[in-house]
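In case you want the letters, here they are:
There are 4 protein chains.
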Amino acid sequence: MIEKVFRDPVHNYIPVDDELIYKLINTKEFQRLRRIKQLGSSSFTFHGAEHSRFSHCLGVYYLARRVTAIFDKKYADIWDSSESLLTMVAALLHDIGHGAYSHSFERLFDTDHEAVTQDIILNAETEVNHVLSQFSPDFPEKVASVINHTYSNKQVEQLISSQIDVDRMDYLLRDSYFTGASYGRFDLSRILRVIRPLDNGIAFSIDGMHAVEDYIISRYQMYMQVYFHPASRAMEVLLQNLLKRAKYLYPKEKEFFAITSPHLIPFLENKVTLEDYLSLDDGVMNTYFQSWMQSTDKILSDLASRFINRKVFKSVTFDEGSSSELKDMRELIYALGFDPEYYTAVHLNFDLPYDVYKPDVKNPRTQIEMLQEDGQIAELSTLSALVHTLSGTIHGDRRFYFPKEMLIQDDLFIDIKEKFACHIKNRQLHKTQIQDK
Amino acid sequence: MIEKVFRDPVHNYIPVDDELIYKLINTKEFQRLRRIKQLGSSSFTFHGAEHSRFSHCLGVYYLARRVTAIFDKKYADIWDSSESLLTMVAALLHDIGHGAYSHSFERLFDTDHEAVTQDIILNAETEVNHVLSQFSPDFPEKVASVINHTYSNKQVEQLISSQIDVDRMDYLLRDSYFTGASYGRFDLSRILRVIRPLDNGIAFSIDGMHAVEDYIISRYQMYMQVYFHPASRAMEVLLQNLLKRAKYLYPKEKEFFAITSPHLIPFLENKVTLEDYLSLDDGVMNTYFQSWMQSTDKILSDLASRFINRKVFKSVTFDEGSSSELKDMRELIYALGFDPEYYTAVHLNFDLPYDVYKPDVKNPRTQIEMLQEDGQIAELSTLSALVHTLSGTIHGDRRFYFPKEMLIQDDLFIDIKEKFACHIKNRQLHKTQIQDK
Amino acid sequence: MIEKVFRDPVHNYIPVDDELIYKLINTKEFQRLRRIKQLGSSSFTFHGAEHSRFSHCLGVYYLARRVTAIFDKKYADIWDSSESLLTMVAALLHDIGHGAYSHSFERLFDTDHEAVTQDIILNAETEVNHVLSQFSPDFPEKVASVINHTYSNKQVEQLISSQIDVDRMDYLLRDSYFTGASYGRFDLSRILRVIRPLDNGIAFSIDGMHAVEDYIISRYQMYMQVYFHPASRAMEVLLQNLLKRAKYLYPKEKEFFAITSPHLIPFLENKVTLEDYLSLDDGVMNTYFQSWMQSTDKILSDLASRFINRKVFKSVTFDEGSSSELKDMRELIYALGFDPEYYTAVHLNFDLPYDVYKPDVKNPRTQIEMLQEDGQIAELSTLSALVHTLSGTIHGDRRFYFPKEMLIQDDLFIDIKEKFACHIKNRQLHKTQIQDK
Amino acid sequence: MIEKVFRDPVHNYIPVDDELIYKLINTKEFQRLRRIKQLGSSSFTFHGAEHSRFSHCLGVYYLARRVTAIFDKKYADIWDSSESLLTMVAALLHDIGHGAYSHSFERLFDTDHEAVTQDIILNAETEVNHVLSQFSPDFPEKVASVINHTYSNKQVEQLISSQIDVDRMDYLLRDSYFTGASYGRFDLSRILRVIRPLDNGIAFSIDGMHAVEDYIISRYQMYMQVYFHPASRAMEVLLQNLLKRAKYLYPKEKEFFAITSPHLIPFLENKVTLEDYLSLDDGVMNTYFQSWMQSTDKILSDLASRFINRKVFKSVTFDEGSSSELKDMRELIYALGFDPEYYTAVHLNFDLPYDVYKPDVKNPRTQIEMLQEDGQIAELSTLSALVHTLSGTIHGDRRFYFPKEMLIQDDLFIDIKEKFACHIKNRQLHKTQIQDK
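Chains as they are written, first to last, in UniProt numbering: chain A, 1 to 437; chain B, 1 to 437; chain C, 1 to 437; chain D, 1 to 437.
Treat the hints with care, since some could be wrong.
Identical copies go unnamed one by one, so any copy, or any two together, can satisfy a pair.
Claimed, not checked - Here are the simulated lysine to any residue pairs, SDA-like style, with alpha carbons at most 20 Å apart:
1. Lys419 to Ala385
2. Lys4 to Asp374
3. Lys431 to Ser324
4. Lys298 to Asp276
5. Lys74 to Phe135
6. Lys73 to Asp17
7. Lys425 to His388
8. Lys74 to Met1
9. Lys23 to Arg107
10. Lys4 to Val361
11. Lys4 to Asp276
12. Lys314 to Glu3
13. Lys73 to Ser84
14. Lys142 to Glu369
15. Lys314 to Phe109
16. Lys314 to Thr27
17. Lys73 to Tyr250
18. Lys298 to Ala258
19. Lys362 to Thr150
20. Lys74 to Leu371
21. Lys73 to Pro15
22. Lys28 to Val361
23. Lys154 to Ala335
24. Lys298 to Arg427
25. Lys271 to Asp77
26. Lys73 to Asp18
27. Lys311 to Glu19
28. Lys28 to Ile265
If you're looking for bench data, these hints aren't it; they were derived computationally from the structure.
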């Protein structure tokens, strides 16, 4: 085929010269990713981060293309070049099951974007499956197994999913570019120069140790600064509380929801088909929320309005064992007329920035291996003091969210608000000293 | 107030330390701009260009803030620093009336985003008006007059709207950043160093001549390469034909549209209030188009599906005086079963990259003035050979759009398609030689 | 060989995996380029522009490597891949004959860096010749002929030297990067995507028309803004006057020059060997000038001191036919005690940004050809209005340089200085009106 | 004065609008910094890193200007704005005593660039002192005391010199830009937004914690990857051995050195004046080395030639307690005809990336203080796990350098070379196992 090219702000030009890839991009399931934001509610905090999952998936494909082109050319002895196309296809499709505001949505409606990804690839009704099957009848199964971590070739699997894979490399660069955060950048060129296939996986030449270290640090910083940003999580808990209210109201307000939000009905009824799932996207959800603003239910309309007009909840961090203070705060919030069920939330965000392989844990990590001059391999954290620090330790925080109104010191309810303020110091929940008598 | 800051990929940090500005940003009318893409259908061509009008408007405010800060500090003799806040507010709000897919929409439904901008600022029902009026009762009128080009102070007006203004400077940089096109960049720092207030307008020190020249060239290149891209226009004509079909069907299918697209009804009925206008955004429109895909009208459902799934029309450029060839092509298209009314379109895009002041034309341009060492001013095109070339000349093309199916050479209808292909050469309409008898 | 890699700020990583290239880089003649600045006296104006010819030559090699890799892979039918190594070698060595402050030096001492380049390649005494001959006895001749424009394969020749070649592409990007000027950037990736070998030369696919246009504009802007900068030229004329004074003094001060500047003697004696030429570099020249600051000749020591300590001459532009004004100004300068022979200069800088092929002129240009969809070619300026404007027209200015002291208005010699000032308006020479009697 | 502006690739434009600053830049002592590379022998490894100390000093001035402008505007209650000019001047001049290849040179000739800096500022013979004294008679002393860490205002002192100061911030960004290394970048805008004067020093708002953390990590990475690069250190030890040989030869070859390297004589004689010191720069030194290539002393001429033509020594890392292996290797080197005194070297590079204030150590560090919402301060490493890891720990390595010839496996001396190779494994010195009998 004649090469097509996509102009991409992160990778400059993304070429497509394989008919299969081009057809997959043009399926309706893949085009749908244009209507789903990569970072969901983060765009309310970082207004540049409106980029779609479509752009991320193209980027992941592109990185897979670059790596496999290097492997094909330089490491034909140890890399089977007939795996390259499969790798690119799996890269392109790895996120195809993502839905609107996935994280919040899945929590409320018991869906699972990974299962949907498998379904889109394997279900004979989809255009994606049709294109893959036409290429070769066993191709859908192969692609699904790579994404599912059950494929036999560990080289392919680790390129697609490991602690340093084409997915993470693209999203760090891309999210950094679109948010404007300076943290997610790392030396991609260097990493592409030092990546090597091993017999049963992937390694990196020791020459690139500092580039790999920098990638781990960058990823850590993006989690701390961008992905775990308190304001984005404020929008996430608002959304969860809104959907929770909708679920609660649905049994008695079926007609209202049928008119305002028809494609949500299967989720509210808990009878969801793949087609139902694919009919939702960010725009559809926002359209529904906008109509809910007209609801006669005060809580539903108020939460919808707060979400649409970005009235974020405020928050404090807290430690385990603060339940009495949280209880107290919830009561003060209730005293001001807010139902704590819908106007407060606890939100935990934790990440394990890196870990060595631990066979006994659930979903053990594939550790990052560095290849030395004499062919021996060494695990990354044994070489890098910084990675060693991050290895095996989780980072993040617990936050308690509440309406901004609690902090506005006006004359009304001044007593309640002052009591509330006493619980907060330096943006943290302030543990009350229990006085001995 | 405590300074707030927005992380912006183009300008890095955008600080807000004025209460009025902060309140305006938090109005629902301004937040709504988050749901409207800056470049409309261009994001189908440049997948990075998902950025919103919200981000552009913040950027324009930021540039106004930088320019007025310089004027306040350095040119207090000739610049009235009490105009600075007004300038920033006008910059922030200049595009607030933009709607979903404005250009196509306005053509079909006779709306006008500039009139809506005035309305949002002046209409006592809006939060924007409320905030402005609270600040000062005459402020809505003043802001509206700046945007409306009727304000008395020409310095302010030219900063907001002229051939080199804060609006254009932001959108060139921003659209360049998000599309990934390399063309729109220019030396903003230099331009901010050389911009000067005059008694009745704005000028630029001669030291910055090449930076201003480069800005004009960059703008020209962005028009040719990005804004006039044939594929984006293909989506635009598709959208126009889709809306045209909806208008045609509406009288006989009122119920269908009432259910699938309630907020469009006032437009189809031609009874539009400001609230109706503000209830539409990109996501709402796309949600409606997605439901139209289920219509029993083949044309409506097919066009909706083409738009949602990005099945772009193809095109050729043509010259005036090609009507007989176009007529012939439309007949061949009809012969293949496509109604030319909805499956073809003529689309013209022309821009006047720069012009000198011409008092006799409609909407004369404010020419760009360069300030020389001795205080004399000289018009830009007298100094720059490149700008002189572009001055007063329009650039762009005429395109004829048709379904991609016309170019796919398969066995079916081979005769018709071959005849059709004869009309095209090097992507242009090929003028048939008229044979003498 | 094991691939070596050079970290390059412009192209990121420059890999070398050919033994021949690596050996050439390690010759003493090539390493010498580290000691010669790419932009000579421009670093006095743009303090970041300290980059060496070494870095530029590596960059040119790198671009030749990228282009030939594309040609080898995609256009093997029309491009002879056995020419690739030759192309890279010619790219690497094209500037190897450059000397310290080449332009000024050549004017004074009748040397010619192009002839020296040929000599270094062909002279059996050099390490470069040794490496090339070892590779193949006829290789020095082949490389020299490519650089000399006499090689039979016009594809190779045009890659190395034409209006859009690997040399110019590297220096625009590199000089832009190191000066910090924003003008020299263009879309290199795009140009590499559209470059094509023809039977007897090079063309660019029509898809890249705007990228090629942008390259021409960028080059024009770099000439106007950076290469022709008045302050850099001030240092150049200072250097020329300094060397002129040395030449004048040499016959009577042979011993002084033998001690202070031994490697200049062959040039002052006009008996220069290749070894003599190669013994000079920027550091050696500056070292000599620093010792000349101790000369008993007031003019020599003063000019040397002005050069070393960056006391730039001032200048005005002037038109042809200003000889009477210039004569007048020189007299006023003389009246203040400055010998016009050494304290003034006329400096012309003109560039022809683009031209079509004109067989009758001396050194006709190879015009830039755009390849259309049907295989026809079209010359660039027929497609681009901007290039058409620049085509065949020369741009630049004439400047008259004089000591800064002429402009300092203190009490001494106030009359003379006022008369002098009358000749200048808006940094231009002000033509005196000749009064009719 | 009329504002002057320097085009800077790192900071874009550097404005100068203070007469004093402008005059200082134009002194011969400051202009001399143009002839001294910021990174000395690193440019042999990173060919882009030819940037001068002149550019760095301007950059440090610029950052001081930005910080003090913020302090003047926002923190006038706690910052004395009459200190701003002093801060800028100290920033500009902090490195003015640096000489050619300072580190190697100082080791051999017992000079001290910090003492020279004081001397240039205080010595009545210099133009710098003249300009400062003219401004105010006590200004030289004040500037010198800031640089000397004895000034009373700790805010000023910490801005100029602490673990996060304008010097380090500029060199990280600058060295990163010119080497092309991706590591040295950090979020300068953010740090400038959060820097605050305290009563007796400088702090950073807690909001910028991650930016400060990132700066510490970036600095660490630049040390590991750029400043401690083995190849740069190879050139440094070569230079040291070369100068050592010159010192050794000088007593018997006085005339040779008087002719070839006149300005080194005071150093070889150990009778150095400030003028002598200032007469040396990178170009002068290289000129001398080039003439030494003609020496009849084989070692001097060979080492000079290796330095000029970049024939780097190779190296291995080793641990303390490897003296027997090193002894063995030196003997093998000697057996191949190389005098280990001049053809080997041990080079240690260690850095302490961050430390808290430790009153008992020599030169205790000023720890980095973060300012919390309630006004309390917290030391950085108590907040950042990454900084905590680096705090108080030194990083770097020991290297043993030797001629590359030892590793070239040809037929000659194959036995010696094989023995030598046994000492090396994975680029490290391989500890021989001592066998028990």
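Okay, the hints, checked on the actual structure:
no., hint, in the structure
1, Lys419 to Ala385, "neither (45 Å within a copy, 34 Å between copies)"
2, Lys4 to Asp374, "between (42 Å within a copy, 18 Å between copies)"
3, Lys431 to Ser324, "within (9 Å within a copy, 61 Å between copies)"
4, Lys298 to Asp276, "neither (28 Å within a copy, 22 Å between copies)"
5, Lys74 to Phe135, "neither (27 Å within a copy, 25 Å between copies)"
6, Lys73 to Asp17, "both (17 Å within a copy, 14 Å between copies)"
7, Lys425 to His388, "neither (33 Å within a copy, 24 Å between copies)"
8, Lys74 to Met1, "between (25 Å within a copy, 13 Å between copies)"
9, Lys23 to Arg107, "neither (33 Å within a copy, 34 Å between copies)"
10, Lys4 to Val361, "neither (44 Å within a copy, 42 Å between copies)"
11, Lys4 to Asp276, "neither (32 Å within a copy, 41 Å between copies)"
12, Lys314 to Glu3, "between (50 Å within a copy, 17 Å between copies)"
13, Lys73 to Ser84, "both (11 Å within a copy, 18 Å between copies)"
14, Lys142 to Glu369, "neither (26 Å within a copy, 47 Å between copies)"
15, Lys314 to Phe109, "neither (25 Å within a copy, 42 Å between copies)"
16, Lys314 to Thr27, "between (41 Å within a copy, 18 Å between copies)"
17, Lys73 to Tyr250, "neither (58 Å within a copy, 56 Å between copies)"
18, Lys298 to Ala258, "within (19 Å within a copy, 25 Å between copies)"
19, Lys362 to Thr150, "within (15 Å within a copy, 59 Å between copies)"
20, Lys74 to Leu371, "within (16 Å within a copy, 34 Å between copies)"
21, Lys73 to Pro15, "both (18 Å within a copy, 15 Å between copies)"
22, Lys28 to Val361, "neither (39 Å within a copy, 48 Å between copies)"
23, Lys154 to Ala335, "neither (58 Å within a copy, 50 Å between copies)"
24, Lys298 to Arg427, "neither (30 Å within a copy, 58 Å between copies)"
25, Lys271 to Asp77, "neither (50 Å within a copy, 59 Å between copies)"
26, Lys73 to Asp18, "both (18 Å within a copy, 16 Å between copies)"
27, Lys311 to Glu19, "between (46 Å within a copy, 17 Å between copies)"
28, Lys28 to Ile265, "neither (22 Å within a copy, 28 Å between copies)"
The structure fails to meet hints 1, 4, 5, 7, 9, 10, 11, 14, 15, 17, 22, 23, 24, 25, 28 from the earlier list, while all remaining hints are met.
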